[in-house]
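Enquirer: This is what each chain is made of:
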Amino acid sequence: MRIEVNGKAREVRSPTLALLLEELGLGDRHVATALNQEFVRAKDRDEKRLHEGDAVEIVSPRQGG
Amino acid sequence: MIREIERRSPPPQPSPASRERELAPRVTDIASNACHPLSREAGEGEGGGISRDSRAANLSDLLKLYDVELHSRLLLGTARYPSPAILKRAIAASKAEIVTVSLRREAGDSRAGEGFWRLIRETGARVLPNTAGCLTVKEAVTTAQMARELFATSWIKLEVIGDEDTLQPDPFGLVDAARILARDGFDVFPYMTEDLVVAEKLVDAGCKVLMPWAAPIGSGRGLNNAFGLRALRVRFPDVPLVVDAGLGAPSHAAAALELGFDAVLLNTAVARAGDPVAMAGAFALAVAAGRSAYLAKPMTPRDLAEPSTPVLGRAFDLGAA
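Line by line, the protein sequences are chains L and D. In case it helps, this note's numbering puts the first sequence at residues 1 to 65. In case it helps, this note's numbering puts the second sequence at residues 66 to 386.
These are calculated hints, taken from the structure and not from any lab test. For glycine and all other residues, C-beta sits at the position ideal for the given N, C-alpha and C. Heads up, some of the hints might be wrong.
[Claimed, not checked] Quick list of in silico lysine-lysine cross-link-like pairs, DSS-like style, CA-CA up to 27 Å:
#1 LYS43(L) x LYS8(L)
#2 LYS273(D) x LYS129(D)
#3 LYS8(L) x LYS48(L)
#4 LYS203(D) x LYS8(L)
#5 LYS273(D) x LYS203(D)
#6 LYS273(D) x LYS362(D)
#7 LYS362(D) x LYS203(D)
#8 LYS203(D) x LYS43(L)
#9 LYS48(L) x LYS203(D)
[Unchecked claim] Some chain D residues flagged as far from chain L (calculated, every beta-carbon gap over 12 Å):
#10 TYR131
#11 ASP132
#12 SER137
#13 LEU141
#14 VAL164
#15 THR207
#16 ARG213
#17 GLU214
#18 ASP230
#19 ILE282
#20 ALA296
#21 ARG300
#22 VAL304
#23 SER316
#24 GLY325
#25 SER373
[Claimed, not checked] Selected chain L positions facing chain D (Cβ under 7 Å, derived; list incomplete):
#26 GLY27
#27 ASN36
#28 PHE39
#29 SER60
#30 GLY65
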């Protein structure tokens, strides 16, 4: 399945957002997520199914002004 | 006249520069309470009784932002420092109790975010996440929701940028996003222009703090529109006002506090200084001085000179009876 992750197109096999994080090696990271510009809570990632063409955002804490 | 001289010149060292000396003990003392080891010596060396009184006053002069009481009136950004170690030392030197943070796309194997987040937690500062760089209401709202989960706080510094050259806020998107977020339980700190009408609409939308810019982000120009900022202060006497963005030097921060602004938020002026840690300390002193001066009610400027030294009794005064 082809989706966008943080703005980059990539081929993934995970059917859910939680499994996608595992697939990308981010399963243990302190991150927040959005799917197609909608926030997805950490506890909802198991249920959140991915579809062809979806856009996923995965963000972590960073310096800011 | 003798009484006049005594009032203007604190013993035991009468000085011609009477006004400056009159103010000095308070400013240095309040600074010593919150900021810098050198200023503590200065404060205690001069007029101990006054020092103790003003120190007590300073302890009760708290800043309240969304029911959180704070001693520091300086909010510090965490970006653009030469190293994480310098960032950590600068936060300590600034005495800031609130630091701004952001969230960015997770970049593969770097784990940069985790190290940064650990460092910030070690400082003990409260975090104010921002929505920096967001260009639409939707982006800003979703970013705020992600920040709330990531940083475990309902505080959000709301930025909706309308112009990429000046990073001027989009006032229309800002008000819309503020309304959505306030309804969703966020404590919104809107980064705004000094526009009175926008301010009114943000307050109506549920903002209990307003953060007008002084000048474009990172420009270091200081208070571009002191008139507009003063008007905002007068119009919203009970809303905490934080000057956010555009400050370059500690004197700019002092000027903002002297105008009656409750606090300042800055980043680049400290992070890009030659010595960020020393500059953080300098800003802490300036903020304390500006607040102290505001509470002391600065004199009103006038156009013509007025002698500070008594005229009566001048030697060689042939005109006197």
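Enquirer: With reference to the structure, classify each hint as holding or not holding.
Expert: Structure-based check of all given hints:
The suggested pairing of LYS43(L) with LYS8(L) holds, with an alpha-carbon distance near 25 Å, which does not exceed 27 Å. This hinted pair checks out: LYS273(D) and LYS129(D) have alpha carbons roughly 10 Å apart, not beyond 27 Å. Pair hint LYS8(L) plus LYS48(L) holds up; C-alpha atoms about 20 Å apart against a cutoff of 27 Å. For the proposed pair LYS203(D) and LYS8(L), the alpha carbon gap of about 20 Å is at most 27 Å, so the pair holds.
Distance check on the hinted pair: LYS273(D) and LYS203(D) sit about 22 Å apart at the alpha-carbon level, within 27 Å; holds. Simply put, LYS273(D) and LYS362(D) have alpha-carbon atoms about 25 Å apart, close enough for the 27 Å limit, and the pair holds. At most 27 Å may separate the alpha-carbon atoms for a hinted pair to count; LYS362(D) and LYS203(D) exceed this at roughly 44 Å. With a C-alpha separation of about 22 Å, the suggested pair LYS203(D) and LYS43(L) falls inside the 27 Å cut-off, and the hint holds.
Proximity of LYS48(L) to LYS203(D) is assessed by CA-CA distance (about 20 Å); at most 27 Å being required, the pair is judged to hold. With a least beta-carbon separation of about 19 Å from chain L, TYR131(D) lies farther than 12 Å from that chain, consistent with its non-interface assignment. Against chain L, the non-interface label of ASP132(D) holds: every CB pair exceeds 12 Å, the least being about 23 Å. Residue placement check: SER137(D) keeps its beta carbon more than 12 Å from all beta carbons of chain L (closest about 17 Å).
Remark: the non-interface label on LEU141(D) conflicts with the geometry, its nearest Cβ contact in chain L lying 9 Å away (cut-off 12 Å). For VAL164(D), the shortest C-beta to C-beta distance to chain L comes to about 9 Å, within the 12 Å cut-off, and the non-interface label is violated. The non-interface label for THR207(D) is inconsistent with chain L: the shortest C-beta to C-beta separation is roughly 5 Å, within 12 Å. Not every C-beta of chain L lies more than 12 Å from that of ARG213(D), the closest at about 9 Å, which undercuts listing it as non-interface.
The claim that GLU214(D) is not at the interface with chain L is violated, since a C-beta of that chain comes within 12 Å of its own (minimum 5 Å). Even its closest Cβ contact with chain L, about 17 Å, leaves ASP230(D) beyond 12 Å, as expected for a residue assigned away from the interface. Distance to chain L contradicts ILE282(D) as a non-interface residue, since its nearest Cβ pair spans about 7 Å, not more than 12 Å. Every beta carbon of chain L lies more than 12 Å from that of ALA296(D), the smallest distance being close to 26 Å; the non-interface claim holds.
ARG300(D), annotated as away from the interface, keeps every beta carbon of chain L farther than 12 Å; the closest lies near 27 Å. With a least CB separation of 22 Å from chain L, VAL304(D) remains clear of the 12 Å interface cut-off, as annotated. With a cut of 12 Å on Cβ distances, SER316(D) stays outside the contact zone with chain L, its closest approach being about 20 Å. Distance check for GLY325(D) against chain L: the nearest CB is about 24 Å away, which clears 12 Å, and the non-interface claim stands.
The Cβ of SER373(D) sits about 43 Å from the closest Cβ of chain L, beyond the 12 Å cut-off, so the non-interface label holds. Annotation: GLY27(L) was flagged as interfacial toward chain D, and the flag is violated, the nearest CB pair being 12 Å apart, outside 7 Å. The closest approach between the C-beta of ASN36(L) and any C-beta of chain D is roughly 10 Å, which is over the 7 Å cut-off, so the hint fails. A cut of 7 Å between beta carbons decides the hint on PHE39(L): the least distance to chain D is about 4 Å, and the hint holds.
For SER60(L), the interface hint holds, since its Cβ comes within 7 Å of a Cβ in chain D; the closest pair sits about 3 Å apart. A least Cβ separation of about 3 Å between GLY65(L) and chain D falls short of the 7 Å threshold, and the interface hint therefore holds.
Checked against the numbered hints given earlier, the structure breaks hints 7, 13, 14, 15, 16, 17, 19, 26, 27 and satisfies all the rest.
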